[in-house]
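S.K.: Chain residues, written in single-letter form:
Protein chains: 2
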Amino acid sequence: MALKKKPVNGMKDILPSEMAVRMYVTELIRKTYAEFGFSSIETPAVEHIGNLLSKQGGENEKLIFKILKRGEKLDLSKATTEENVTDSGLRYDLTLPLSRYYANHMNELPAPFKALQIGSVWRADRPQRGRFRQFTQCDIDILGDPSYLAEIELILATTTVLGKLDFHNFTIRINDRKILKAMASKAGFEPADYGKVFIILDKMDKIGLEGVREELLESYPEEKVTTYLAQFDENVDPAVLMEGSPLPEIISVVDKVKTADFRVMFDPTLVRGMSYYTGPIFEIAMDEFGGSVGGGGRYDEMIGKFTGHDTPAVGFSIGFERIIMLLLERGFEVPDAKEKVAFLIEKKMPSERLADVFAEAQKERDAGKAVWISIMKKNKKFQKEQLAQEGYTDIREFFAE
Amino acid sequence: MALKKKPVNGMKDILPSEMAVRMYVTELIRKTYAEFGFSSIETPAVEHIGNLLSKQGGENEKLIFKILKRGEKLDLSKATTEENVTDSGLRYDLTLPLSRYYANHMNELPAPFKALQIGSVWRADRPQRGRFRQFTQCDIDILGDPSYLAEIELILATTTVLGKLDFHNFTIRINDRKILKAMASKAGFEPADYGKVFIILDKMDKIGLEGVREELLESYPEEKVTTYLAQFDENVDPAVLMEGSPLPEIISVVDKVKTADFRVMFDPTLVRGMSYYTGPIFEIAMDEFGGSVGGGGRYDEMIGKFTGHDTPAVGFSIGFERIIMLLLERGFEVPDAKEKVAFLIEKKMPSERLADVFAEAQKERDAGKAVWISIMKKNKKFQKEQLAQEGYTDIREFFAE
Chain A
12 MALKKKPVNG
22 MKDILPSEMA
32 VRMYVTELIR
42 KTYAEFGFSS
52 IETPAVEHIG
62 NLLSKQGGEN
72 EKLIFKILKR
82 GEKLDLSKAT
92 TEENVTDSGL
102 RYDLTLPLSR
112 YYANHMNELP
122 APFKALQIGS
132 VWRADRPQRG
142 RFRQFTQCDI
152 DILGDPSYLA
162 EIELILATTT
172 VLGKLDFHNF
182 TIRINDRKIL
192 KAMASKAGFE
202 PADYGKVFII
212 LDKMDKIGLE
222 GVREELLESY
232 PEEKVTTYLA
242 QFDENVDPAV
252 LMEGSPLPEI
262 ISVVDKVKTA
272 DFRVMFDPTL
282 VRGMSYYTGP
292 IFEIAMDEFG
302 GSVGGGGRYD
312 EMIGKFTGHD
322 TPAVGFSIGF
332 ERIIMLLLER
342 GFEVPDAKEK
352 VAFLIEKKMP
362 SERLADVFAE
372 AQKERDAGKA
382 VWISIMKKNK
392 KFQKEQLAQE
402 GYTDIREFFA
412 E
Chain B
12 MALKKKPVNG
22 MKDILPSEMA
32 VRMYVTELIR
42 KTYAEFGFSS
52 IETPAVEHIG
62 NLLSKQGGEN
72 EKLIFKILKR
82 GEKLDLSKAT
92 TEENVTDSGL
102 RYDLTLPLSR
112 YYANHMNELP
122 APFKALQIGS
132 VWRADRPQRG
142 RFRQFTQCDI
152 DILGDPSYLA
162 EIELILATTT
172 VLGKLDFHNF
182 TIRINDRKIL
192 KAMASKAGFE
202 PADYGKVFII
212 LDKMDKIGLE
222 GVREELLESY
232 PEEKVTTYLA
242 QFDENVDPAV
252 LMEGSPLPEI
262 ISVVDKVKTA
272 DFRVMFDPTL
282 VRGMSYYTGP
292 IFEIAMDEFG
302 GSVGGGGRYD
312 EMIGKFTGHD
322 TPAVGFSIGF
332 ERIIMLLLER
342 GFEVPDAKEK
352 VAFLIEKKMP
362 SERLADVFAE
372 AQKERDAGKA
382 VWISIMKKNK
392 KFQKEQLAQE
402 GYTDIREFFA
412 E
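Protein chains in written order, with the numbering used here: chain A, 12 to 412; chain B, 12 to 412.
None of the hints are false.
Remember, identical chains collapse to one label, so a pair may be satisfied in a single copy or spanning two.
List time: in silico DSS-like cross-link candidates among lysine-lysine, alpha-carbon distance up to 30 Å:
hint	residue 1	residue 2
1	K395	K349
2	K15	K73
3	K192	K207
4	K66	K17
5	K395	K359
6	K349	K269
7	K269	K42
8	K80	K16
9	K73	K16
Calculated directly from the structure, the hints in this document are not laboratory data.
Make the full structure from the sequences, and use the hints.
M.R.: Written out as structure tokens, the structure is:
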């Protein structure tokens, strides 16, 4: 039986033209983040199942690709639950592995530690256009810094990358989990309610204030709901809501120092899904893309799950796949590609002469050109057209005699 | 219960110092191979289990990390075999996914297609020093070229990379599966014996000619064994063995054109493990490393397993992890690192003044320097020492007033 040609359902082969853009963006990101003092690290794709299922991953925990136990550890005859047959899985994000990494290597790393991770993550999401089950994430995190300098650096670094990629007129929405909680508390909600209330508030973008009100009223008394939502009225002074939070300082410094063309805006309705956030949270919004192109926040309590001691941590994840998609849609071309030369060699060229041709190619390569070598085909016209499409405009022919 | 700090058994966290070397080598490889006309591509880490178990992977098929089926597809109550509970797994090499990729996208790719893949593979090998269950492979392959120009290009490209990394005095051992088979056939072995005979021959390095003879005699008559091994005598003219093979031309051209410091040597005892090879095979041997630092060969029949039509294919895999190990042992330092400046900022600096400091950092970053920003710690001396260790020799202090 023939083998399967298509990739596994929901996963993707990357063709050379897209790959060139991905590599260019990756390089630009690494170079820019290095200027901000971030060090590249790598964690394994495979993680302990217990870590993955530790409630740090929210909804993503339902989407884990689990890996079968091996050898004696696997006894299918006695297996009744997935827990019996699996002890590891593919990571669904880079934040959990980073926290494990930092807990494991803290003593070998500078404090604070500024980490850059670019790597694949896997989620068994329902496959849909433009969303794949393996995709690249690109995270910067500052670990061990309780000050809001960390938030400022993350926002400046991320927006500098976006600016270099020629993105304009975007918005950094910013909020603080502490503000979210204070507003809920002020309306009389109990801490146990917060999760549900915030999930509903998060829909403000889609269903509007009235929609949020209706959904809240399904579970909570009118008085609480009204008090709560009154705080989101545009007449409320944002300075009052932000009192006690570092947001005004973060916003003010970012606004003054930023080099890219964007605005940073306090948005009391910003929730961000993950329950592990403990302080400021932020998200990139772009008009040309109806949704978030990245986000992050402070998660001071995750590393403590590994070490027993809370450690300040804040991260910003740029939406790598969305950025690539937007660039491809824009017809982005990688700048400064090498000069390309093709050598077509007639069949049965004696090895003496062949060596001369390869030596000539080597000279061109030493001069920084890309040299394509292949046998001259019978249909030379088609071969040349195909090479021209690949950017080989300088095509040289070498004959056996 | 605390979460697990160590990586999954046999896998590895990569610290910033090693990561810097890995990124430098990756960049150098990509740049060099681009000069040889190779295009980067990417295949998913997850592959169909049927493809992985199709006998293209030799011993590696026993080492697959299998992924649990999901949702309705998984019925543990009826599961008796691994086949019942898994339909995909992590790739154990890059050659099988490349063959699938080429079969799938042939019409969108130039002919011949020159592919570069750098990516992780996974093998559930017994963990041992320096060998991990997730590691990076780095393959170049030329697909659709039946001529030995492809072999020449692969050897020149690979050795150019090694030369640029300052490896000297290494050897490319080269043989041809057709020569291996002809020699076995001449001694009277049947095609059905070849596999076993070659596995024994492959031990020549370790157990010597006498050891090989003894092992062969355990299964085969003395006459055959004696005739067979007589062909490996040093008095036999290699030209006779290589008759009809392209090896003499490949060796002659590579020898004349090579830029790195190595020799290319016909070795009739070279076997290479994988049964899918059909023509020339090669391997890099380095005295400083007792074993292969890469290898490859022609596998003209693998793509046909996907398409029904054989397609010429030849690849060369550089031993990425071994090269990194050798560089680290050598104390290799990444050249041309950026100039590094650290800004230490006193706590509670007003946001006005903070903006000035960040603006100054931005200027340095625009000038191509890496700027580290963090809060000034109480133990400033220790903080400065730690930064100096990280290469931040220019440390500037900024006070709140």
